[in-house]
Amino acid sequence: MFKSTKGILTTLAITAALLLMSATAAFAQTTGSVTMTATVSNFVELTSGGAVTLTGNSGGSVITDGTANSPLAVVVNLGELGPSNTNSFVTLSVPVRLRSNVAYQLNMVSSVAGAGATSFSLKDTDVGFGLTPAARPANLAAGVDTNATPGDPTVGGSTDANGRWVFAGANSTLGAYAVSGAVLSGPRINKAVAANSATNLTFPAIFAVKPQFYDPAPAITITAQFTVVAL
Amino acid sequence: MPRKISRTLLLVALFVVSAVGCFGQSTTGTVTMSATVSKFVEINSGGAVTLTGNSGGGVTTDGVANSPLAVSINLGELGPSNTNSFVTAQVPLKLRSNAAYVLSMTATVTSSGTTASRIVASDVGFGLGTVSRTGLGVNAGSDTNATSGDPTLAANGSVNGTTGRYDFTAVRSNLSAFSSATTALSGPIIMNAVPRSNANGLTVPALFAVKPQFFENGTSTISVTFTVTAP
Numbered sequence: 002m003f004k005s006t007k008g009i010l011t012t013l014a015i016t017a018a019l020l021l022m023s024a025t026a027a028f029a030q031t032t033g034s035v036t037m038t039a040t041v042s043n044f045v046e047l048t049s050g051g052a053v054t055l056t057g058n059s060g061g062s063v064i065t066d067g068t069a070n071s072p073l074a075v076v077v078n079l080g081e082l083g084p085s086n087t088n089s090f091v092t093l094s095v096p097v098r099l100r101s102n103v104a105y106q107l108n109m110v111s112s113v114a115g116a117g118a119t120s121f122s123l124k125d126t127d128v129g130f131g132l133t134p135a136a137r138p139a140n141l142a143a144g145v146d147t148n149a150t151p152g153d154p155t156v157g158g159s160t161d162a163n164g165r166w167v168f169a170g171a172n173s174t175l176g177a178y179a180v181s182g183a184v185l186s187g188p189r190i191n192k193a194v195a196a197n198s199a200t201n202l203t204f205p206a207i208f209a210v211k212p213q214f215y216d217p218a219p220a221i222t223i224t225a226q227f228t229v230v231a232l
Numbered sequence: 064m065p066r067k068i069s070r071t072l073l074l075v076a077l078f079v080v081s082a083v084g085c086f087g088q089s090t091t092g093t094v095t096m097s098a099t100v101s102k103f104v105e106i107n108s109g110g111a112v113t114l115t116g117n118s119g120g121g122v123t124t125d126g127v128a129n130s131p132l133a134v135s136i137n138l139g140e141l142g143p144s145n146t147n148s149f150v151t152a153q154v155p156l157k158l159r160s161n162a163a164y165v166l167s168m169t170a171t172v173t174s175s176g177t178t179a180s181r182i183v184a185s186d187v188g189f190g191l192g193t194v195s196r197t198g199l200g201v202n203a204g205s206d207t208n209a210t211s212g213d214p215t216l217a218a219n220g221s222v223n224g225t226t227g228r229y230d231f232t233a234v235r236s237n238l239s240a241f242s243s244a245t246t247a248l249s250g251p252i253i254m255n256a257v258p259r260s261n262a263n264g265l266t267v268p269a270l271f272a273v274k275p276q277f278f279e280n281g282t283s284t285i286s287v288t289f290t291v292t293a294p
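Protein sequences, first through last, are from chains A and B.
The first sequence begins at 2 in my numbering and counts up by one.
The second sequence begins at 64 in my numbering and counts up by one.
Everything labelled a hint here was simulated from the structure, so no lab data went into it.
There's no promise every hint is true.
The following label-pair restraints were derived from C-beta to C-beta distances [what the hints assert, rightly or not]:
1. B:Asn-129 with A:Asn-88: 15 to 25 angstroms
2. A:Ser-181 with B:Gln-153: 56 to 66 angstroms
3. A:Ala-162 with B:Asn-280: 51 to 61 angstroms
4. A:Ala-169 with B:Ala-262: 15 to 25 angstroms
5. A:Gly-157 with B:Thr-232: 57 to 67 angstroms
6. B:Ala-293 with A:Val-76: 23 to 33 angstroms
7. B:Val-234 with A:Thr-222: 39 to 49 angstroms
Covered by chain A, per the in silico footprint, the following chain B stretches (three or more residues, Cβ under 8 angstroms) [stated by the list, open to error]:
8. 93–105
9. 150–163
Backbone N, C-alpha and C define an ideal beta-carbon position, used for all residues, glycine too.
In isolation and in its complexed conformation, chain B is listed as follows (with noise of 0.2 angstroms):
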């Protein structure tokens, strides 16, 4: 009898061996991988400005197609004696995201003068230009330019009756309406699925003009800051 128990529990034991060993033997695994994607959107410059109808004005700093924006321009006279109709300015942007943007600007203008004539922000002409979405990779989409485009247009601005002062009368068509961040341009995806170093993107002209009139003399300087967000 007792050995009969002996090979029962003999017969267990191999059992449980046995059946440890299978379980043990893995036939199965997993790699379970998390990832983001964040929203991105970004703001270079599109290439080199374009200065005219100044006097003795230069850009200082000029634009590299796909680096940070920071141009620097002496727009150079801005008195009587630039008989040129404008001083104009054109900044190329490029943009790039991978979902919804608003470009806005914020703008300031300082003057040494003191007086009503001085150069003021409301003096300063400003527009977005014609928007490109061109190029592999660019995303078809419908921009909504919220200025009135270049702004030395005639229908963007005239002689004031009664001052006799050029004014840009256009919406959003000079800096005061930019003393506070305001949205210039807005618009869908710009770009497909394709790496960042598709070169490609939204470009568009950032136009600012200055008609040279008998502003008090002194100097002034002029900073506009565009930011691109994704709402």
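Next up, chain A with everything else stripped away, as it sits in the complex (with noise of 0.2 angstroms):
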């Protein structure tokens, strides 16, 4: 009799235990959790703002023309440089197209060859350079941009004491990024907007070179490479 009861109880405890079990498990797949983690990290860009403008020139043309939000890559021929050049400036503006999370710098490096090597030979400083950016319109970030350049290199200006021409202000000629430079920088440009939002900060590039007496050569080339950095 006794060792019929202690069957019964051991019987229970075991299918107690069992059910015990069988209900927590059931409980566990109730509850989960999703962990994620992300990056956001600095984006510059740099692309065309659009099409070149090109005046002054005497028988020059733009050959690659900027096209807005593609990669900047525009090839242009100045033309005549020379005196039979009776215009005041040759002029090319380079729309220019930023966009950033982050506070950002834009730099340039120039070059100018084959232009020959006397003392009349056309030089880096006898190409003009500026930047006019206008203040951000309200779609973007607010905050001001520095403009390291005096704008519009056309502006100003005056003969040497040789008679050369001189562009007025600091920063205003290639002379000055014969090594990279900043020319513009600033806070962050856009707002926190869709990757494909149209917004951007937009200004002209500008370069200008005077005709003047330069020593003849059929073929200069100036080349200037902007590039955009994360602060």
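Bring the two chains, given one by one in their own frames, into a single complex with the hints.
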């Protein structure tokens, strides 16, 4: 009798234990968690702001034009820069487009080749340069951009003691950018908008050469490379 | 096992999208400009003509500084009724260049006369006077005058001992030496690298002289064309 009771109790105990285990397992599948990690990297972008404008040229032309939102890689023939060009300046205006989610700095490095090596040859200091950014529109992040150039290089300027044209102000010619240097900087450009948002900071980069009695040179090449970096 | 493959493919796809996103961000741009400085040479009037020793002559179309040279002069009477020693016309020339230059001249003399006593090219003395390279932007340089200078100088002419006719005897001292294009002046680059609006340049007077003599009566036309080239 005693043995029989003990067996019943043991069976009940095992059954209860199994039921408890079963219940515990059922309650563990009613919650769950998802953990995500992500990154927002510094983003700075430089592209073309659209078609370039070439004025005052004699025999020049735009060979590869700028296309808005495409990589900037314009090629332009400025034409004749000697005195047979009677225009006041040969001017090239290149729209540059920037976007960023952080403070940025736009640098430029430039070179002049094939112009000769005498004192009368066209030099990098004979190529005027400047940016003319406007105040940011309301659809961009608020902020003020710092222009390291004096702006439109065709404004101001005068002849020096030798009669040669001198562009006004500091950083007003490519002579200031034989090594990479800042031309524009500022706080973040874009608000928190979608990547395909068309909002951007677009401004013209202006290059100008005054036709003068330079040494004859059949193939002058002037190169300017812009690079935008995150600060 | 199929779920593992799916996860792997998803990860690969995410990496690809991420990579495309990174490479799509353009941070540099280039502006390449080509240009030419051609050889430039220019001849203009250096100013008003000076006519002396004339009898009944006058300047019909005068020279205007920095304007195309197209003067017209009536030398007046060249027969013995004109008692002056010479009828002279001094025509200022202005040259500018960004390269070495050669000034050549060609001349013709036509006369209604038919005899040996008519006015011919050798009766018209010619020479270039003192070359001046002065003013802001004008390059220092040494010019070569291929003429003998003022044709009225005693050293440049005299009465022919055989014929009694006055002869301009020095090298290239009369128009017969210029029946075809012949160099009258040459030299190095004239202008420094200055704008075309700089009005300075090389100035030199072209001197023409006729000794009134018992020429055959009639009318004569003396035509002179200057041409400047960059060799």
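Cross-check of the supplied hints:
1. The given range of 15 to 25 angstroms is respected by Asn-129 (chain B) and Asn-88 (chain A), whose C-beta atoms sit roughly 18 angstroms from each other.
2. Take Ser-181 (chain A) and Gln-153 (chain B): their Cβ atoms lie about 59 angstroms apart, and the range 56 to 66 angstroms holds.
3. A hinted range of 51 to 61 angstroms for the beta carbons of Ala-162 (chain A) and Asn-280 (chain B) is consistent with their spacing of about 59 angstroms.
4. At about 22 angstroms, the CB distance of Ala-169 (chain A) to Ala-262 (chain B) agrees with the hint of 15 to 25 angstroms.
5. A hinted range of 57 to 67 angstroms holds for the C-beta pair Gly-157 (chain A) and Thr-232 (chain B), which are about 59 angstroms apart.
6. In this structure the supplied range 23 to 33 angstroms holds for Ala-293 (chain B) paired with Val-76 (chain A), their Cβ-Cβ distance being about 29 angstroms.
7. Restraint check, Val-234 (chain B) to Thr-222 (chain A): a C-beta distance of roughly 47 angstroms satisfies the suggested window 39 to 49 angstroms.
8. Here's how the region 93–105 of chain B fares: 12 of its residues keep a CB closer than 8 angstroms to some CB of chain A, so the rule of at least three is met and the hint holds.
9. Counting residues of the region 150–163 of chain B whose CB falls under 8 angstroms from any CB of chain A gives 4; the rule of at least 3 is met.
Going down the numbered hints, you'll see the structure goes against none, and every one checks out.
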